[in-house]
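A.B. asks: From first to last, the protein sequence lines are chains A and B.
If you read the first sequence in our numbering, its first letter stands for residue -8, the second for the next number, and so on.
If you read the second sequence in our numbering, its first letter stands for residue 2, the second for the next number, and so on.
What the hints contain is simulated information worked out from the structure, not anything from laboratory work.
Predicted, not measured: the structure shown is a model, and the values here were computed from it.
Careful, some of the hints might be misleading.
Unchecked claim - As a list, the in silico SDA-like pairs of lysine to any residue whose alpha-carbon atoms are at most 25 Å apart:
id: 1; chain 1: A; residue 1: Lys295; chain 2: B; residue 2: His32
id: 2; chain 1: A; residue 1: Lys149; chain 2: B; residue 2: Lys74
id: 3; chain 1: B; residue 1: Lys74; chain 2: A; residue 2: Met178
id: 4; chain 1: A; residue 1: Lys433; chain 2: A; residue 2: Leu447
id: 5; chain 1: A; residue 1: Lys295; chain 2: A; residue 2: Lys354
id: 6; chain 1: B; residue 1: Lys108; chain 2: B; residue 2: Val93
id: 7; chain 1: A; residue 1: Lys148; chain 2: A; residue 2: Lys354
id: 8; chain 1: A; residue 1: Lys354; chain 2: B; residue 2: Glu124
id: 9; chain 1: A; residue 1: Lys18; chain 2: A; residue 2: Gln100
id: 10; chain 1: A; residue 1: Lys148; chain 2: B; residue 2: Ser33
id: 11; chain 1: A; residue 1: Lys295; chain 2: B; residue 2: Ala120
Said to hold, decoys possible - Far from chain B by the CB rule (all over 12 Å, computed), these chain A residues:
id: 12; residue: Leu10
id: 13; residue: Arg15
id: 14; residue: Arg45
id: 15; residue: Tyr52
id: 16; residue: Tyr152
id: 17; residue: Lys264
id: 18; residue: Ile272
id: 19; residue: Ser429
id: 20; residue: Leu432
id: 21; residue: Gln443
id: 22; residue: Tyr468
Said to hold, decoys possible - Quick list of the computed label-pair ranges, beta carbon to beta carbon:
id: 23; chain 1: A; residue 1: Glu150; chain 2: B; residue 2: Tyr76; range: 20 to 30 Å
id: 24; chain 1: B; residue 1: Tyr76; chain 2: A; residue 2: Leu13; range: 39 to 49 Å
id: 25; chain 1: A; residue 1: Gly402; chain 2: B; residue 2: Asp4; range: 44 to 54 Å
id: 26; chain 1: A; residue 1: Asp356; chain 2: B; residue 2: Ser123; range: 13 to 23 Å
id: 27; chain 1: A; residue 1: Tyr417; chain 2: B; residue 2: Arg122; range: 42 to 52 Å
id: 28; chain 1: B; residue 1: Phe58; chain 2: A; residue 2: Tyr417; range: 53 to 63 Å
id: 29; chain 1: A; residue 1: Gly410; chain 2: B; residue 2: Ile19; range: 33 to 43 Å
id: 30; chain 1: B; residue 1: Ser64; chain 2: A; residue 2: Ile195; range: 21 to 31 Å
id: 31; chain 1: A; residue 1: Gly274; chain 2: B; residue 2: Ile67; range: 21 to 31 Å
id: 32; chain 1: A; residue 1: Gly410; chain 2: B; residue 2: Val125; range: 34 to 44 Å
id: 33; chain 1: A; residue 1: Leu453; chain 2: B; residue 2: Phe58; range: 30 to 40 Å
id: 34; chain 1: B; residue 1: Thr96; chain 2: A; residue 2: Leu432; range: 47 to 57 Å
Glycine is no exception: its CB is placed at the ideal position from the N, C-alpha and C atoms.
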Amino acid sequence: MIKHIPILVQVALLSMAVLIPLLRGNKAAKSKGITVALLFISSVFLLILIRDVRDNGAFVYNFGNYESYIGIQYSVNIFSAFMSFFVITLALIIMIFSTKDIDHEISRQSISQYYTLVLILLFSMVGMIFTNDLFNMYVFMEILSLTSCAIISVKSKKENYLAALRYLVLNTIGSLSVLLGIALLYMVSGHLNMSLMGQSISLIWQLYPTNILIATGFMLVGFAIKAAVFPMHIWLPDAHSNAPTPSSALLSSLVVKIYVFAVYKILFDVLGKDIVVGLGIPGVIAVFAASGMLFGSIFAIGQKDIKRMLAYSSVAQIGYIFLGLSLMTEAGLAAGLFHVVSHGLMKTALFLSAGSIIYYRNKRDIRQLDGIGVEMPVTMVVFAIAAMGMIGIPGTNGFMSKLYLSFAVLGAGQPLLLGVILLSSYLNAVYYLPIIISAFLKEPKSKNITMQVEVLPWPMLLALVTVGILCLLTGFYPKLVMDIVTQAAKIFLSA
Amino acid sequence: MNDFLINLANHMNYIAAIALFVIGLYTVLTHSNLLKKVIGINIMETSVFLFFVSIGFVNDGSSPIIDLGSLGKIYVNPVPSALILTGIVVAVSITAYSLSLIIRLYKAYGTMDLDEIMAMRSEVNHD
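Looking at chain A on its own, in the form it has when it is part of the complex (with noise of 0.2 Å):
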């Protein structure tokens, strides 16, 4: 029963997905409760999941027991058990988060498709995560690019659409580039199973460097245009930023970070660790992802809508996670994929508490949140939290995540790179203290405020509470997370 879990887990997101548009009555609601209930319980049998393989080891799944040489697997293990557990769960919370907010954003009709759209891009990105065969993974990135554009188009307004069709221009590009690296791959190795594509091109891939190097360029830049690496993330602002609230939470703290797994299954499990170190690619990542990290943070300076700039600072964070990745080191690796979690928390809190103070006040210039602490204390408090862990204050999950980085960085001899570490520190505090400053000690414009709890919808109140308390959480005791992620990276350099 338990080696099913991953694809009944799946099964039932596609199949409620399809039944959505079925429902009669009253779409909206039915379809939210729907969605929030089987998250839930996803969540609960991926817990069971992780407990089983931390107690039982790791396992490999063959769709209708099909030799892996011919049929699709998946495989199984610490980092894909933990890794979709954190997906479905940090949806869930976006999604009791946008059970009241989406009615503000989208129009009625369309409530009832955006979370057959949502339960979709959730089915592919679990999908993604598990998968263990190179074309698999191609169809389920191509679902998900879809769906991630088709959520960010659902609100129907013409910068919705622009953004959308920006979007899906440059996905497709990468897609294209990433195809075009796994037929030069299966060229060479005559697989599309990655254990096995691994297995044969360590044997052969000193007899054909040029190809397996022009196959990497081309997954490597796919999977940057994809993941908004620093030169390509063009797109990101205005995606990101237009989307409903809770789009913009899905895509910011959980689709870019599928693509980083995406590429650490093909450079650790296709590649291997040598292979990669050999072709020079680690030094390649280390540019961009520094230069990430800092422009990232200086063109977020400049913005002055807060969507805006959240979107931004994610050019930043996914910097911080291909730092850890190009040091190719146990240590690196782990801080890379303990920022994911800890940059997927940080994230969904501020785009959250953002999308509060849009459905609250229908603020959405910085310069407009004078005093918006003594209204929302609450919003705020949870949005400073976040906003604290962004620039690295000890006792948030944000500084528990540079302080490994930072260790790694020098565990690897590269103390340079700890200078830009400090450097995009520094540039968050420029743009993220200004906001808690002038939220809880300036002047609001109208005087006669008092402080109060303010009447949200429960739901985005309970939502935003939780993603605090879970930032804090993994703050405090970074363990929790760092325990598995340490071993996903053993699994990934031990392959």
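Assemble chain B onto chain A, guided by the hints.
C.D. replies: Just chain B now, kept in the frame of chain A:
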């Protein structure tokens, strides 16, 4: 020189695929007409499909239907062709979705030209 030409002719599929890929990418990046961008994407998709199918081709191979009568027969690798069938479905859905977005954009802005749309948007922002 002669060897080079023969080599070139033998790898015509790959060369054509790469040429199409570059043509498609050039079309996507340089044309401001959104419809032409979608056409460029389609050219890129075709090029990758051509490349993928060419990998599976075996010289003098027959179609991969097992014929028990003739032993030692060489077959073409059927896997890439099967994969590309899926790829074509994906390509069609992307084209359909992007065309529907373009229709909505045309209704909203009255033009399909990205430069004109951007000019309109910047005018709105200045007001």
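A.B. asks: Are the hints correct? Go through all of them and say.
C.D. replies: These are the hints, each one checked on the structure:
1. A:Lys295 to B:His32: violated (31 Å)
2. A:Lys149 to B:Lys74: Answer violated: A:Lys149 to B:Lys74 is near 58 Å, above 25 Å.
3. B:Lys74 to A:Met178: Distance ~22 Å between B:Lys74 and A:Met178 Cα, so the pair holds.
4. A:Lys433 to A:Leu447: holds (23 Å)
5. A:Lys295 to A:Lys354: Distance ~11 Å between A:Lys295 and A:Lys354 Cα, so the pair holds.
6. B:Lys108 to B:Val93: holds (23 Å)
7. A:Lys148 to A:Lys354: Status holds; Cα separation ~18 Å.
8. A:Lys354 to B:Glu124: holds (22 Å)
9. A:Lys18 to A:Gln100: holds (9 Å)
10. A:Lys148 to B:Ser33: holds (21 Å)
11. A:Lys295 to B:Ala120: Roughly 21 Å between the alpha carbons, so the hint for A:Lys295 and B:Ala120 holds.
12. Leu10: holds (21 Å)
13. Arg15: holds (26 Å)
14. Arg45: Given a closest Cβ separation of 35 Å, the condition holds.
15. Tyr52: At about 20 Å from chain B, A:Tyr52 clears the 12 Å cut-off, so the statement holds.
16. Tyr152: violated (5 Å)
17. Lys264: holds (27 Å)
18. Ile272: holds (22 Å)
19. Ser429: holds (24 Å)
20. Leu432: holds (31 Å)
21. Gln443: For A:Gln443, whose nearest Cβ neighbour in chain B is about 36 Å away, the distance exceeds 12 Å, so it holds.
22. Tyr468: holds (42 Å)
23. A:Glu150 to B:Tyr76: 20 to 30 Å: Between A:Glu150 and B:Tyr76, where Cβ atoms are some 53 Å apart, the hint is violated.
24. B:Tyr76 to A:Leu13: 39 to 49 Å: holds (44 Å)
25. A:Gly402 to B:Asp4: 44 to 54 Å: For B:Asp4 against A:Gly402, whose Cβ atoms are near 52 Å apart, the range 44 to 54 Å holds.
26. A:Asp356 to B:Ser123: 13 to 23 Å: Taking Cβ atoms as reference, A:Asp356 and B:Ser123 lie about 18 Å apart, which means the hint holds.
27. A:Tyr417 to B:Arg122: 42 to 52 Å: Violated, at about 33 Å.
28. B:Phe58 to A:Tyr417: 53 to 63 Å: At roughly 57 Å between Cβ atoms, A:Tyr417 and B:Phe58 fall inside 53 to 63 Å, so the hint holds.
29. A:Gly410 to B:Ile19: 33 to 43 Å: Given range 33 to 43 Å: holds, Cβ gap about 41 Å.
30. B:Ser64 to A:Ile195: 21 to 31 Å: This hint holds: roughly 29 Å between Cβ atoms.
31. A:Gly274 to B:Ile67: 21 to 31 Å: Since A:Gly274 and B:Ile67 have Cβ atoms about 49 Å apart, the given range 21 to 31 Å is violated.
32. A:Gly410 to B:Val125: 34 to 44 Å: holds (42 Å)
33. A:Leu453 to B:Phe58: 30 to 40 Å: About 58 Å separates the Cβ atoms of A:Leu453 and B:Phe58, which means 30 to 40 Å is violated.
34. B:Thr96 to A:Leu432: 47 to 57 Å: Holds, at about 53 Å.
Of the numbered hints given earlier, the model fails hints 1, 2, 16, 23, 27, 31, 33; all others are met.
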